[in-house]
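Colleague: Protein sequence lines correspond, in order, to chains E and U.
Residue numbering for the first sequence is 44 to 282, as defined by the working numbering.
Residue numbering for the second sequence is 30 to 319, as defined by the working numbering.
Misleading hints may appear alongside valid ones.
Claimed, not checked - Below, in silico cross-link-like pairs of lysine to aspartate or glutamate (DMTMM-like), each with a Cα-Cα straight-line distance of 25 Å or less: (1) E:LYS105 / E:GLU158; (2) U:LYS192 / E:ASP99; (3) U:LYS192 / E:ASP50; (4) U:LYS216 / E:GLU158; (5) U:LYS118 / E:GLU152; (6) U:LYS192 / E:GLU169; (7) U:LYS118 / E:GLU263.
Stated by the list, open to error - Cβ-to-Cβ under 8 Å is the rule here; a few derived chain E residues that face chain U: (8) PRO110; (9) GLY120; (10) ALA132; (11) GLY143; (12) VAL153; (13) LEU157.
FYI, nobody ran anything at the bench for these hints, they're computed from the structure.
None of the values given here were measured: they were computed from a predicted structure.
We put the beta carbon where it would ideally sit given N, CA and C, even for glycine.
Residues per chain, in single letters:
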Amino acid sequence: MLLEIKDINVFYGKIHALKNVSLQVAKGEIVTIVGANGAGKSTLMWTLAGVLKARDGSIIYKDRPLPSFAHDVAASGIILVPERRRLYANLTVRENLIMGAFLRNDINEVKKDLEFIYGLFPILKERSNQYAGTLSGGEQQMAAIARGLMSRPEILLLDEPSLGLSPLYTSEVFKTIRQIRDKGTTILLAEQNAHKALEMANRAYVLETGRIVLSGTGRELLANPAVQEAYLGVRHKVI
Amino acid sequence: MFLQTLITGLSIGGIYALMAVGYSLVFSILNFSNFAHGTIIMLGAYIGYFLISSFKLGFPFSFIGAIVGAALLALINVRLAYSPLINRKAPPLYLMITAMGVSIFLENMVYVTVGSHFYSFPEIFKQSTIKFFGSDISPLDLFALIFSFIAIFALHLFLTRTKMGTAIRAASYDMTVASLNGVNMNKLIGIVFILAGAFGGLAGVFLGVKYMVYPTMGWITNKAYIAAVIGGLGSLPGAVIGGVILGVLETFVSVYVSSVIRDVFSFSLVILFLVILPAGLLGKYLEEKV
């Protein structure tokens, strides 16, 4: 396993946000976590990025404990694209992308990656000298994913990439995620948009009020009546 | 007379800008007004003074010594006094109060060790004035003016052209995300204080040469603070513009009206700004689309 999380508990002050959460991510997979608002998806993501700390349990990445500082976690290859994009609004799109490559010193490779990104998202090339705060929501999401990719991550953590996007942009984002996986990057995806996220997942977990309540392959969970009722809007009971 | 006043004003403005840049750099990252900055400026002036008059190092080396010394003091200041609070994620108000404490402590340390004497720098420029389009201009003013702007321009290049500079601007917007990009915040904060301290040392020497060196000279940073507020706290171009505006206006008021009301004028100006334009001329309120 590339990333192995065992029985972690995370607290916000007195609030017990993650309760004995265990999950695994293997190399080259898309692993999806579905859950409602407040289920703990973002908490899990921030914990894996090294910003929040688990009180107990273990997070083993590449056979070693996860580094304790966020910048060391980033250096080890785990990159979080946070919820609500969080671009640097005071920097241009290009500078935002360059910040993604902050830890890299291979200038020529960074330039190549920048060209690759501009190929993947032509709109970002058009807007490269614009302040990131002026982009539309969908463009910002593209830029946020692009910034994550500029770090050449081993595992890309995507926290609700479809949040606030139109259906068209959502499809676009999910298409991109698949492309990224096909290029060899492992992906851990937290989503409320359960249908699309489960469809492309190799494996998936359902998080409810801080606990993992279900797990399986993406298809299994799509077919699960409880998941269908809670997340896919399918009704089984006749009212 | 007009040209002379303008150059004097610009040179004072340049010194205000140097000090305001130090405030703004720290404010942009940590969101608190570092009231210990004035004390660092004062210590920089003392270092410069003792290097030139007791150690006879000559002006260039004393000048560099003051800059390096002030930068190191600023680094020690953040590591001993602020870092423990930052690591516990203390609110900015606590940092500000700590900064006041540091300032009082250091100022009194100077009283106890060096004493309350007023020192004046030895003559640096042989000529007291030079002729420039028929006006008498002090070479020190000219030197301070040119050097301040060179230093500020160099800082601008650092912030816009280098990776670390970009990271500082990025962190001023979102520190947490910067750490997700692999920026070591502790190191970055250290660099920011070294920069602020170096600019403080520079300003300290200019102030010392222009006026005197004494324990409470750091309080002139009130003016730099006003400059930073006028320009917009946290904005570097704002700090520079605010400093220059304040320096020039003050000088014109003291020459053409009366030097007695100079400070009344400055403080009235800041009150006016706080009422009408609280974010300053270039305050950092960038709108972000949601």
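Colleague: Hint by hint, say whether it matches the structure.
Modeller: Taking the hints in turn, this is what the structure says about them:
With a C-alpha separation of about 30 Å, the suggested pair E:LYS105 and E:GLU158 falls outside the 25 Å cut-off, and the hint is violated. Note on U:LYS192 and E:ASP99: the hinted pairing is violated, with a Cα-Cα distance of about 36 Å set against a maximum of 25 Å. Simply put, U:LYS192 and E:ASP50 have alpha-carbon atoms about 39 Å apart, too far for the 25 Å limit, and the pair is violated. In summary, the hint linking U:LYS216 to E:GLU158 is not supported, as the alpha carbons are separated by about 30 Å, beyond the 25 Å threshold.
The hinted pair formed by U:LYS118 and E:GLU152 fails the criterion: a straight-line CA distance of about 37 Å is larger than 25 Å. A C-alpha spacing of about 23 Å is found between U:LYS192 and E:GLU169, which places the hinted pair at or below 25 Å, so the restraint holds. Only pairs whose Cα atoms come within 25 Å are accepted, and U:LYS118 paired with E:GLU263 is rejected, the gap being roughly 43 Å. Among the interface hints, the one on E:PRO110 is violated; its C-beta lies about 11 Å from the nearest C-beta in chain U, farther than the 8 Å criterion.
Annotation: interface hint on E:GLY120 violated; nearest CB of chain U at approximately 10 Å, more than 8 Å. Evaluation of the E:ALA132 hint against chain U yields a held restraint, the C-beta minimum of about 4 Å falling below 8 Å. With a cut of 8 Å, the hint placing E:GLY143 at the interface with chain U holds, because the nearest CB-to-CB distance is about 6 Å. A least Cβ separation of about 10 Å between E:VAL153 and chain U goes past the 8 Å threshold, and the interface hint is therefore violated.
Violation of the interface hint for E:LEU157 is found here, the shortest Cβ-Cβ separation to chain U being roughly 14 Å, above the 8 Å cut-off.
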